[in-house]
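Protein chains in written order, with the UniProt record's numbering: chain A, 1 to 377; chain B, 1 to 377.
It should be emphasised that the hints constitute simulated quantities derived from the structure, not laboratory data.
For every residue, glycine included, the Cβ atom is placed at its ideal position computed from N, Cα and C.
Accuracy of the hints is not assured; some may be wrong.
[Said to hold, decoys possible] So, partial list: chain B residues that the calculated Cβ filter (under 10 Å) puts toward chain A:
| id | residue |
| --- | --- |
| 1 | Trp30 |
| 2 | Ile196 |
| 3 | Thr318 |
| 4 | Asn320 |
| 5 | Lys330 |
| 6 | Gly337 |
| 7 | Val341 |
| 8 | Thr354 |
| 9 | Ala358 |
| 10 | Leu368 |
| 11 | Asp373 |
| 12 | Val376 |
2 protein chains.
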Amino acid sequence: MSIENAASVESPLRHFHAVIPAGGVGTRLWPLSRAAAPKFLHDLTGSGSTLLRATYDRLEPLAGNRVLVVTGVAHRVAVCRQLPEVGESELVLESEPKDSGAAIGLAAAILYRRDPDTIMGSFAADHVISPDNLFQETVREAIHTAAAGKIVTIGIKPTHPSTGFGYIRTGDLLNIDDAPNAHAVVEFVEKPSEDIAKKYLETGDYVWNAGMFVAPVALMLKHLEANQPVLFAGLEEIADAWDTPERDEVTARVWPTLPKIAIDYAVAEPAAAAGDVAVVPGTFRWDDVGDFAAIGRLNNAGDVDEVTVLGEGARVFTENASGVVVSDTKRVIALIGIKDVVIVDTPDALLVTTKQHAQRVKGAVDALKASGDTDVL
Amino acid sequence: MSIENAASVESPLRHFHAVIPAGGVGTRLWPLSRAAAPKFLHDLTGSGSTLLRATYDRLEPLAGNRVLVVTGVAHRVAVCRQLPEVGESELVLESEPKDSGAAIGLAAAILYRRDPDTIMGSFAADHVISPDNLFQETVREAIHTAAAGKIVTIGIKPTHPSTGFGYIRTGDLLNIDDAPNAHAVVEFVEKPSEDIAKKYLETGDYVWNAGMFVAPVALMLKHLEANQPVLFAGLEEIADAWDTPERDEVTARVWPTLPKIAIDYAVAEPAAAAGDVAVVPGTFRWDDVGDFAAIGRLNNAGDVDEVTVLGEGARVFTENASGVVVSDTKRVIALIGIKDVVIVDTPDALLVTTKQHAQRVKGAVDALKASGDTDVL
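Use the sequences and the hints to build the structure in full.
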């Protein structure tokens with residue numbers, strides 16, 4: 001379906017503007033992902049595309065070139081190399097990280113000034129989704145739901161009782177035209193214990209909170225103003241100057257003063273309590289690539305025996321081994337008689353763990369930080 | 001005990017000359033040990049000395065500066081750096097490897113010409129032995145036994161039913177002065193199955209064949225001539241030229257023509273059949289550092305939690321891990337939740353295996369060789 005056909009004059013699709021927050025180091029993917037080369041700049045699926053590029057390509061059929069990217073100044077060059085289509089007016093550079101409330105709030109405020117009827121959709125730069133057409137169908141439903149006056153989260157049908165994600169408790173069907181699967185949201189719930197996660201699965205009323213949402217920018221700003229007036233005022237000041245020669249001066253002055261808060265607390269949860277949040281469950285495959293065990297799940301093209309190999313020009317020899325090897329060097333890597341191992345080989349740091357312990361990589365990074373070994377972080 | 005005191009005019013100790021065959025890549029210790037940097041040039045015990053240097057230092061109290069080193073031409077510079085005391089006349093360089101028969105036979109022939117009463121002692125450059133004084137006591141007994149007209153192997157009291165070593169079946173006590181523990185040798189037996197190894201231990205009659213022996217050079221050459229006349233003739237020709245200006249010319253012409261055979265088959269086994277071999281059991285600790293599991297046994301000074309770390313300036317972080325890390329780089333190595341792992345990190349090759357599978361490293365090297373990846377071998 002082409003953009004022209006999908007977005008008729010009457011369709012809310014023509015007001016859709018994608019926002020890609022490209023932040024987060026991805027500490028659990030150290031030493032591959034790190035401050036200088038965060039997760040979204042890596043090809044973690046063996047597709048040949050970085051996660052950022054794949055995110056853009058997935059959104060382009062919906063948004064055309066209406067894609068705003070929010071990232072750190074340090075990643076400007078890398079992001080522009082990945083996304084040469086993104087012009088300066090579509091690139092929001094953070095001089096310092098201020099959490100998702102400021103990043104997404106500023107995007108909303110800028111887009112509101114360009115078109116107050118904008119429906120924004122925010123999609124993290126470092127998730128893996130397939131197939132694209134199912135994702136796009138779900139986002140289209142979310143856009144139609146947003147046009148009916150909702151902040152719309154995209155939920156993911158749980159495939160197992162994960163304790164690593166927050167959940168969304170779904171309510172009644174909303175019966176919105178062109179959005180047959182849109183439901184009310186009863187509440188957002190934090191990451192549960194395994195017992196509770198199992199109960200969530202049994203009820204069938206819960207979906208994973210994948211952090212993706214679609215909403216009218218006006219409604220976003222209304223809730224932001226009501227719940228975070230200081231943050232809102234600062235973002236308004238920056239947004240007023242954004243498309244003027246004063247952008248740099250105002251941003252440099254105001255951005256560092258903004259409070260740090262996640263968009264979930266700044267907007268989504270209070271809006272849910274006010275009955276303004278809906279959910280469209282997605283049936284596409286979704287993975288936030290939270291650790292190296294995910295790399296094993298997401299890749300098999302490069303398998304050598306039972307070992308998943310990621311990395312261009314990797315030279316991996318295995319005998320009676322299984323697991324994941326991420327090679328960021330040209331070194332020969334030999335695995336002998338070792339099972340479910342995770343090996344990440346980079347020029348200055350080597351990680352060896354197991355799929356089972358992959359979540360604990362963050363602890364190692366914290367320990368390195370504490371010991372002053374920040375050169376490899 | 002100083003050499004002067006130990007070696008009275010009457011003592012055979014004054015005719016003792018140590019020989020150190022420094023060969024063998026140590027394939028099971030790849031990628032640390034390799035053609036360009038074989039096992040004997042590494043410090044595998046964290047002592048600060050290479051195995052070669054430690055071997056020399058262990059022999060010096062017995063041999064003084066009468067230590068002949070046999071090694072490959074490729075290792076000349078490295079060996080001289082490790083053993084600056086060894087002059088040119090004490091260095092035998094092999095232009096190509098010809099197995100231990102030629103290496104030790106040539107040493108015997110050279111030493112015979114310098115002193116026909118020489119008692120040679122051959123000790124591999126890449127074994128780990130402690131304590132030195134127990135080793136030296138055993139060698140002294142072996143020298144006295146050799147002086148009585150025997151080729152004397154030094155056996156090691158088995159500590160477990162190893163299937164990785166050959167065994168020596170001991171016979172009657174020989175009742176030699178100054179060698180109260182010298183026994184006859186009944187036979188040499190090949191590496192046994194585990195069941196047979198257990199039976200060997202039960203009888204108490206078997207010791208490990210550690211490949212160390214002490215013998216009159218005249219007796220060595222007599223058996224060599226009888227069993228390997230072609231090899232013997234070639235070695236005689238080279239030895240005749242050795243301390244003359246013709247050394248290089250003759251060696252270059254004859255050495256490549258010599259048959260390849262182990263000293264065990266060329267001399268020790270036929271001599272044993274002739275009743276000419278004795279054994280002195282050693283009670284010192286001996287390890288041939290056959291694989292990386294041995295590195296764990298031999299080291300603990302550098303332990304980080306339950307991980308044995310070998311390598312100057314190693315930067316190893318562990319959480320809930322155990323095993324051995326050999327670091328030949330300055331990279332940070334993080335181990336998380338992995339047990340009994342063996343990691344060998346070198347600039348161009350990385351090995352990850354387990355202590356249990358450490359013996360199978362040789363198979364990986366063979367596979368790399370077969371696939372043409374010889375740059376890292």
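A quick look at each hint next to the structure:
1. Trp30: 8 Å, holds
2. Ile196: 25 Å, violated
3. Thr318: Where the cut-off is 10 Å and the nearest Cβ of chain A is about 9 Å from B:Thr318, the hint holds.
4. Asn320: 7 Å, holds
5. Lys330: Given a least distance of 8 Å, the restraint on B:Lys330 holds.
6. Gly337: 3 Å, holds
7. Val341: With a closest approach of 6 Å, the B:Val341 hint holds.
8. Thr354: 6 Å, holds
9. Ala358: 8 Å, holds
10. Leu368: With a closest approach of 6 Å, the B:Leu368 hint holds.
11. Asp373: 6 Å, holds
12. Val376: 5 Å, holds
The structure does not agree with numbered hint 2 stated previously, though it agrees with all others.
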